[in-house]
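Enquirer: In case you want the letters, here they are:
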Amino acid sequence: MDVRPNKPLQQDSSDEELMLAYAQNNNEQAFADLYARYKLSLYRYCVRMLGDEGLGADIYQDTWSKLIKAREKYQVKAKFKTYIFHIAHNLIIDAWRKRSSQGKPLNFVSIDVDHDDAANLELESNTDLFTDIQTEEQLLQFKLALEQLPPEQRDAVLLHYEQGLSLQQIADMEAVGRETIKSRLRYALKKLKHTISAMNAASTVTETTL
Amino acid sequence: MTDIDKNTENLDNGTDTALSNVFQRLNEQENLSPSAELDALILKQASEAAVEKVAPENILKSESKSERDSNHDIQFRRKQLEQARTKQKRRKSFLPAWAMPMGLAATVLLSFGVVIQVMQSPEFMTPKGTEYITEAQTSDRSYENSSTELDVSLDTAYERETLAAQAKSDSELASANSARPVMRAEAQTPLDSAKENPASIESQPMNIDSTSSKPSISDMSKTDIRLKKQKHEIVVTGSRQESFDLQAPPPPAQENKTIKLDDVHADVATSSGIAPVSSPDNALQDNVVVSSNNSIESNEHNYSEPEFAAKPSTEEFKHNESSIEEVVITSSRIDENFDINAINESRLNRPLEIDFVDRTCQLNNDCKLISAGTKDQACQIESVNTANYAKYQKGLALNEYDLEKLCPLYVSQCVRNYCQAVPVGLDEAIEE
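Residue numbers (our numbering), protein chains in the order written: chain G, 1 to 210; chain E, 1 to 432.
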């Protein structure tokens, strides 16, 4: 990756150039620019992964703190985006574990997967279903369905579909195979589809009853 | 074109775009963003971190008068320091570099030689406060007290005569100074006795030889050593009829080395209940006793450090009351084989805790254990959900996802110096 740390910073400077400018030259403006670029996406990721805005904000702050503390060790080995989301991902896992050990596990709903079915699972086209999500109510249903995904699946969905990380980048981040991430996404899409369909059916029944 | 569109590994381009749009709409609707205070806090932290690094470099660049003055002082002191260093270098340059260590070594050798010489001298061999008994006195004593056990043998008649004369003079002197017999013996040198008794002049060479010459190793090897019980003295009688009273060293005090765990890891010892694990195949490790007050007593020759495996207390690790029934395998290492099937059968879905030497790994859900170990202080546990365990045992292939997804997290707790728990499948934790 061609990154020149001493290059004059411009509006289109890459994330890696900004980070190096901050890490090596203590350029505060570079950090402010970097922060502005990632603050929303990182914050959403933390909150949606943990399902709790307060806890998500804590993890968000810890992520930036870790980045600041470890800035001198920063090396451009991968995209900055992968780097910072990797930090956040690890902190989120720690938070899960801490909650579990305290007897207060985060409220995740585990799914019962039919393995025989899953083994032959082919990706169905979900384009229509997700294209139809337009209204506020549909968006709320989607959000609820997303919250019901198991953590690993939710993680894969958020990193891939919302943050735009590739399967390989996510696999590298989580130290698993690319096929594993692919499998998680397939299960996640299937689960999302089922949940949203169930919600639609329930709302239809309610409307009919009324 | 979004990042997702660029990605050729997508599952389905249509779905990707649709979901991406859904997230965009959701974000617009939710408007999730960090608070202004949080923004300010993080930016301030970044700014302070940058300033802390820059600050030392800017000390000498300050422009105010007072700072300039202080800088002048600093420069002046630096000059003084440099001048002092230069002087030191000049002084050192008079001598070559090897002169100092050589001189030091020569001094040490010289003093060592002097010490050895002093130690070998007869004055040193007869330390003050001990009784030096001449041959004549020995004879005198043997005459006076038949029960004396001193072994005296005289070689020649000439010597016998000389000694008899000397004994006579000594006995006279003894009657005169009966109050201080020991002082007399100390004060009387062979030269004195020769002055008092000219008849013994001829025997002087022998006496001088017997008193001033150092007993050789061969002589010492022929000595008869008796231990005077009451005085704790060793009487050495040589073949030259010399007697030396050597002060015996005090009996060695019995010392017990007590290591208290409180001193080592007070917090860990008290809270986690560290217990030593003796390894039978370790020959160096012996006699480690754990007393009731958490102290480890060992004899002073036991230099081997007992190997500890930390057994966590239930307070630290238990999540509910059932954790008391946790299965604990003590001191199992990654390279040791332990029967996983037996463990799984005995567990009955209870929490599992494996106590390794370097850390304790815990599996506190209903997952079955497949393999366990530690690597770089991190727990490496492979597990499978109870529902899938039968399938696993039948040999049906469970892919990586199957293994992970139902037992994604385990609680690992390290009991020694540091804790960095790494879950299965995430061994690249970001280091601070």
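Calculated from the structure, these hints are not laboratory results. Ideal placement from N, C-alpha and C gives every residue a C-beta, glycine not left out. Incorrect hints may appear among the rest.
[Claimed, not checked] Mimicking DMTMM-like on lysine to aspartate or glutamate, the simulated pairs with C-alpha atoms at most 25 Å apart in a straight line are:
| id | chain 1 | residue 1 | chain 2 | residue 2 |
| --- | --- | --- | --- | --- |
| 1 | G | 66 | E | 28 |
| 2 | G | 143 | E | 52 |
| 3 | G | 79 | E | 339 |
| 4 | G | 98 | G | 132 |
| 5 | G | 69 | E | 39 |
| 6 | G | 143 | G | 132 |
| 7 | G | 81 | E | 30 |
[Stated by the list, open to error] Chain E side only, calculated, beta carbon under 10 Å to chain G, not exhaustive:
| id | residue |
| --- | --- |
| 8 | 35 |
| 9 | 47 |
| 10 | 50 |
Enquirer: Run every hint past the structure and note whether it holds.
Expert: Checked hints:
1. 66(G) - 28(E): 29 Å, violated
2. 143(G) - 52(E): 43 Å, violated
3. 79(G) - 339(E): Violated: residue 79(G) and residue 339(E) sit about 44 Å apart, past 25 Å.
4. 98(G) - 132(G): 39 Å, violated
5. 69(G) - 39(E): This hinted pair holds, its Cα atoms lying about 17 Å apart.
6. 143(G) - 132(G): 14 Å, holds
7. 81(G) - 30(E): 23 Å, holds
8. 35: 8 Å, holds
9. 47: Holds: closest Cβ of chain G sits about 5 Å from residue 47(E), inside 10 Å.
10. 50: 4 Å, holds
Going down the numbered hints, you'll see the structure goes against 1, 2, 3, 4, while the others check out.
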